[in-house]
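Chains as they are written, first to last, in the working numbering: chain X, 1 to 273; chain S, 1 to 273; chain W, 1 to 273; chain H, 1 to 273.
The hints are simulated quantities; they were obtained by calculation from the structure and are not laboratory data.
Accuracy of the hints is not assured; some may be wrong.
As the list claims (entries may be wrong) - Cross-link-like lysine-lysine pairs, in silico, PhoX-like; alpha carbons within 20 Å at most:
1) X:239 / W:239
2) S:239 / H:239
3) S:239 / W:239
4) S:13 / S:27
One-letter residues, chain by chain:
There are 4 protein chains.
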Amino acid sequence: MKHESRYERLREKTHEVIFEADTFWGKTFDVVLLVAIVLSVIAVMLESVLEIRLKYGNILFIAEWIFTALFTVEYIARLWSVNKPWKYATSFYGVIDLLSILPAFIALFISGAQAFLILRSIRLIRVFRVFKLVRFLGEASVLKEALRASRAKIIVFVGSVFIMVVILGTMMYIIEGGENGFTSIPKSIYWAVVTLTTVGYGDIAPQTPLGQGLATLIMILGYGIIAVPTGIVTSEMAKKGNIIHSNTRSCQHCGAEEHSDKASYCYKCGSEM
Amino acid sequence: MKHESRYERLREKTHEVIFEADTFWGKTFDVVLLVAIVLSVIAVMLESVLEIRLKYGNILFIAEWIFTALFTVEYIARLWSVNKPWKYATSFYGVIDLLSILPAFIALFISGAQAFLILRSIRLIRVFRVFKLVRFLGEASVLKEALRASRAKIIVFVGSVFIMVVILGTMMYIIEGGENGFTSIPKSIYWAVVTLTTVGYGDIAPQTPLGQGLATLIMILGYGIIAVPTGIVTSEMAKKGNIIHSNTRSCQHCGAEEHSDKASYCYKCGSEM
Amino acid sequence: MKHESRYERLREKTHEVIFEADTFWGKTFDVVLLVAIVLSVIAVMLESVLEIRLKYGNILFIAEWIFTALFTVEYIARLWSVNKPWKYATSFYGVIDLLSILPAFIALFISGAQAFLILRSIRLIRVFRVFKLVRFLGEASVLKEALRASRAKIIVFVGSVFIMVVILGTMMYIIEGGENGFTSIPKSIYWAVVTLTTVGYGDIAPQTPLGQGLATLIMILGYGIIAVPTGIVTSEMAKKGNIIHSNTRSCQHCGAEEHSDKASYCYKCGSEM
Amino acid sequence: MKHESRYERLREKTHEVIFEADTFWGKTFDVVLLVAIVLSVIAVMLESVLEIRLKYGNILFIAEWIFTALFTVEYIARLWSVNKPWKYATSFYGVIDLLSILPAFIALFISGAQAFLILRSIRLIRVFRVFKLVRFLGEASVLKEALRASRAKIIVFVGSVFIMVVILGTMMYIIEGGENGFTSIPKSIYWAVVTLTTVGYGDIAPQTPLGQGLATLIMILGYGIIAVPTGIVTSEMAKKGNIIHSNTRSCQHCGAEEHSDKASYCYKCGSEM
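Start from the sequences and build out the full structure, keeping to the hints where you can.
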């Protein structure tokens, strides 16, 4: 145990309160922070509603600056208390923390930048930590893992869909023409995406029998190929689930894991199990 | 067999008729009750249609009070005949039974409360019991089990979707602005949900090329990530199905499991089962 | 071999041509019949288009009666040539065959009945037989089997969805009211179904902030619970697939099938495999 | 090593540069080609936008002919350098390459043919080769394999859906009639597809209570049966995944299969693998 100055102890204490959630003050800090984030997000949302801005604009303006001051102090405290400030500043959370205060300052010079304050909502994912929902983060990593494993298949799928909508959209542009709303190829491609993904706004809709016939094909196509991403993620997830399932056994001799449920001998060292 | 007063016997008989469905009268009671529930739900629905209310308002008003009287008597009879009235009153069915009569009485003082009578429709789930569809309830519990097991993953997923729509909605608000219907951030978030879930009303639709481009991304995103909840529930359900199907039997001699349902001999050591 | 009259031989020959598809004439008959069915379905469709009816009404009227005469002759020939006419008449195909000629005759007395001629399109499923696509019918039976096995779960699911939309629709009726298109509870329930199933016509859309908030919840709900029927059918189909997969082994001693892939002994008679 | 003329060597070099991607020049050529394809697709899209055509029409017209010249030279070079020109010309890529230059020449005689230049976008799939994303093509073949294996089931499903929408569309035509937008049977079938696939434009929507009731049924049907194609593809994909993952290794001593990828010893008999 080395000698620590008062300054050092304060810094350590700050770090404990801000970055950890196991002590009473650490938990309290996190809960207060979360409430502040939620409130600040709500404030930005409310400010965008005309009627509310006209009535309570001043209050919201003040509230916004209080939140910005709070988050700025917090950001500086984080930078100060952490051992490797640069590592924190360039980490995912660090960038998000910075993005949640920057727009307010930029808005002093450029009007409209305030809307970007909504980026603060990304900070909401801290909620998982506060309520000690580590299990939730574990689940999230299973989801992320399944998505990563099926990344290549998903890119192939999205690429094929992209080429599909370009061709189908152009065909509709040729068939329907500008008078029915298909005024350009990009707009027709936009329509093809709206239809293929079964969103179907209805702001543009085919009017000619041929166009409606092709639209029917696109819809059934979209209805059918939604099975593909689902199939990809599901089979990947089922596989992941199996690996987790079989991870409970380990060889007493060599410590190898991932044994089959029916294994009588270790697959790695050959000793009986 | 202890001596029972006439009062006690009546109470027991009432309990048998109301709560059980094995005897003739128990079954009859349940069928009559179900018909009454269905009719009362239909009555409330019909009353909300202007043309019907103008014509048959009186009849429906009377019908409603007859149903309320009936359900009130039934509720009191249940409370009276059951051994632990408080346990029943606080049970799921008890609360639903109370909720199905309360609005009629409250409507005497506050107009409009009648619409809440529709809560009676929740009572329709009794249908599963009457037709002895216990098997159906078993299936329901498999569904519930699968949903519960994947709860954590679903919360993570919904949370991520929530943050996603907040950010995407705000971006559309900045890009499109009020003149194209994106009058506020909450409304733009509402639009983002409409689009991401592939509902696509079309009451608000992007008009600028940039907005339509971002909308295209949101649609493809929504089309793709629907695979995630499906993958979660499916893999969970497949796991459940396997466990139910296979893990119940094991060989007394060698302990091997995962026997076929029709097995008479162990597939591993050949000994009789 | 018993003596057969000329009449009997004609009847047998007719049966062979009409009901079987292995001989040259049997195949030819089926192909001609299919073309006739497709043409008659197209004729009924075209007749419903005003411009075409005005121009070619007479031709279509004649065509329709030619098809009806053809199908009537075919129906009588089937009844006559088959050994158990009543069994055919009450079979699935028999009823469909009758339904495809009846409307034309009924239309002589009741106008508008012609539209029911479209029921002829059901006869299109004969296509699978003609092209000897027995394999396709096998696949269809796998689909049917999977749907039947998951019937109970599907009923529970649809029942829950039904109760859900009744309650959500009523809530929207209370929140939005008639001025925003939610004029009655049945109409609001209709809207709730449109939203929950992610169809989203947009003919009725919530206008109040509270209504849009609830609509958001319904959409996310609908987006999420679509995973449930998918999960049911998928896990059922995967199970079916496995059973088919393991059906390739059979015991030489007792002939039992459906052995586990790893079985060393027959699960039924205990003999080594 | 046989003697080669200068002509032969040039031809071989050209083949290497155009068809292969391993050398520096081969890679450079592919990247340049890809950029040209992307730019030409964008040029065709932009030309269809009225405002852009009016302003930059001349530039786009020149750009288009430069791209066409480039692709024509490339096509001739491919035909010349390859050993079996006819085989290339009739291959998938060969046809696509031809289709990407033909429309420009046809447009000299028939106006509007230019739009077909968008077929060039199909050439984008070359992207997978350039970035050496052979792995991606492997994934694509897994997808293709899963789709091919489930082809029969998908045809049965699409056929059933087709018959379903014909009947449901006709029923809506009878119920709603022309005054509510259901002016003909083909249009009503179009509406039925829009509804069943949960696209829901809203350009046609039922107005009568009976029509809305039937629409509700169609929506729930469409919401439910989307599970069928998903189930088909998923179970097929899961099967494929399992076969790839597990069936490749077997013990030389006891023949046991389904070994883990990391196994050094058989889990059943303990002998080295």
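Structure-based check of all given hints:
With a C-alpha separation of about 16 Å, the suggested pairing of residue 239 (chain X) with residue 239 (chain W) holds against the 20 Å cut-off. Straight-line distance between C-alpha atoms of residue 239 (chain S) and residue 239 (chain H) comes to about 15 Å, which keeps the hinted pair within the 20 Å bound. A C-alpha spacing of about 11 Å is found between residue 239 (chain S) and residue 239 (chain W), which places the hinted pair at or below 20 Å, so the restraint holds. For the hint pairing residue 13 (chain S) with residue 27 (chain S), the CA-to-CA distance comes to about 13 Å; that is within 20 Å, so the pair holds.
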